[in-house]
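Asker: The primary structure of each chain is shown beneath.
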Amino acid sequence: MADSRPTQQAWSQDPDEFVRLDNLVKIYGDTVAVQSVSLSVRRNELFALLGSSGCGKSTLLRMLAGFEPATSGRIYLDGEDITDLPPYRRPVNMMFQSYALFPHMTVQANVAFGLKQEGVARAEIQDRVFEALDLVQMAGFSRRRPNQLSGGQQQRVALARSLIKRPKLLLLDEPMSALDKQIRQKTQIELVKILEQVGVTCMLVTHDQEEAMTMAHRLAVMTEGQIVQCGTPHDVYSFPNSRFVASFIGSTNLFSGAIVVDEPDHVVIESPELARPLYVDHGVSEPLGMEVHVSIRPERIRVLREQPEGDSNWAHGAVGHVAWMGSYALYQVKLDSGQAVHASVPALSLAQSDAPALGDEVYVAWSRGSATVLPS
Amino acid sequence: MRRLERLRSLFSGRALAIAPPFFWLALFLLLPFLMVFKISFADLKFGIPPYTPLLELKDQAVAFTLHLRGYALLFSDSLYIATYLSSVKIAAVTTVCCALIGYPMAYGIARSDPRVRNVLLLGVILPFWTSMLLRVYAWVGILRNDGLLNHLLLWLGVIHKPLEIYRTDLAVYIGLVYAYLPFFILPLYANLVKLDERLLEAAYDLGARPWRAFLQITLPLSMPGVVAGAMLVFIPAVGEYVIPEMLGGANTLMMGRVMWNEFFNNADWPMAAAVTCVMVLLLLVPLALFQINEIKQLERPRRGAR
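Chain order of the listed sequences is A and B. When the first sequence is numbered by this note's numbering, its final residue is 365 and no position is left out of the sequence of numbers. When the second sequence is numbered by this note's numbering, its final residue is 368 and no position is left out of the sequence of numbers.
This is chain A alone, in the form it adopts within the complex (with noise of 0.2 Å):
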């Protein structure tokens, strides 16, 4: 059976692929949790699967790590199938969400755990693990039990569990949720501080936009049991393909409209919410007079005092609220139409200009190359 399938001919042209998922379903009774996700992951390379709870990508997780069986569709592992493998017989490791740590067992016995099922002699277990502990800095507490530990130092001994197998493909899911936001960030580099030590490639499933892009080389975004887009954090956040990315990566504004100039290298929509307008420089293969939607992030957006030149990509309004950041300036400018626009100023531009205050009149304006179409 297993003969049959082509194997070798799923690899794509990519040297570097490493992981591949291949059109992955999974159905639960009547809901379907994840419908045909086809994926690929680079060796050594740390991929985040971002989205909202309930949108599959801890089920796709589950899958790697086999403890849910796909309905249909491969996974792929260094040129192998392993969708029909069991847990126990992947090279597949994974930090679970709160850690599940052995609760009865010392940190030592916990990272020795892996090793003592696979039979490695004693000796050697011994020296892997404090290699393991000392990687991620908790030598000094091998004889403590979970329950004597902190939330990070027991996400560090998880960590350590599950790196000592040296597995070829990593899960971490959601790995800091159970920390505390201010010691998250600090972690998160932390994190892939080690794991780019180690040379592992890692599949990370997060709610949270920010870890996703701290941490990832490249990411894919999911919703309602699908891949909407995957690239580098940059790209998907500079250029989402949808009005849905858009708003999950960042915040962003968004205005309706209809195209009435479509040349290869610009466009030019008409927005109802816009006096004058958008002029976008790039191109879009869509009908004329088609709906779409443009996003334009706050901090493309700049707020002055007088008329910017020229006939497009500004309006005019009222600043309606100021919200001070420490590092920038939250504005919110309600424009003529009635429409709000989030226009973030860094504080150095703010220092430097006389800074409008709530209620001036002001226009707002963006560059050619910040707006961005969104044809869905």
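None of these hints come from the bench; they were simulated from the model. A few of these clues could be false.
[What the hints assert, rightly or not] Derived, one-sided and incomplete: chain B residues facing chain A with beta-carbon distance under 7 Å:
hint	residue
1	ALA252
2	LYS256
3	ARG260
4	LEU268
5	TRP273
What you are looking at is a predicted structure, and each value in this text was computed from that prediction instead of being measured. Note that beta-carbon positions come from the ideal geometry of N, C-alpha and C, so glycine has one too.
Dock chain B against chain A, hints included.
Answerer: Using the frame of chain A, we list chain B on its own:
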């Protein structure tokens, strides 16, 4: 003012909630036991009550007399010692059998679909809805030489003459295991149902086959449930009277029967009281040691965390 506050805290909700069970235990457990303890140091006397008082007014002086006849007899007569050993053995074998049968059952119920679970639990509890005496009588009917079991086996042709189970130790074991099995299953079930399934997934993920994951994760983590169930079976089984009386043979030695005989057949209250006190001691000392150990285990992590 502070005294008033202390007085108020004494009558606070917590104290009021704890007081009734304490009062209940003191009145109906501690007090009767002290009475039995007192009687165990008296001597046999004809009359009502059938034992001598410990304190007596004799010639204007209070005389205090302790009789150790009961205890002396207890430790000199090999029958009593053999009975104690036999009771503990029967209770221990019963506990082990309950564990062997009850663990898979509790595990199966805890792992079953939540919708089926309550039905299965009901099945475990259902026998309690009829009287224990009736259920033991039913076993008499099943195990008797001309009972249901022998009829069935003869009819099937498995045996050619009736098995003699009724009035043997085997019948006592069957009756005890049957009667006490739910007491093992219920606390163990309560423990197993709480087991975090992610721990098992973590074990599989790290390469443990299901059977090894069970031995290394489920079994050690369910030990408190096993111990609770074992105590609930072992303690009452040591002093069980009804089952050995109705199913056991003449040479089934159990404490409960000896106590009954001393109280009601020999009317030797001091002897019966001594038998009871030694049995309580026999059960209390290991239990107390066990409890102390448990408390130490519980406190250790708390101390370490500071």
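Asker: Tell me the hint numbers this structure goes against, listed in increasing order.
Answerer: Of the numbered hints given earlier, those the structure breaks are 1, 2, 5, listed in rising order.
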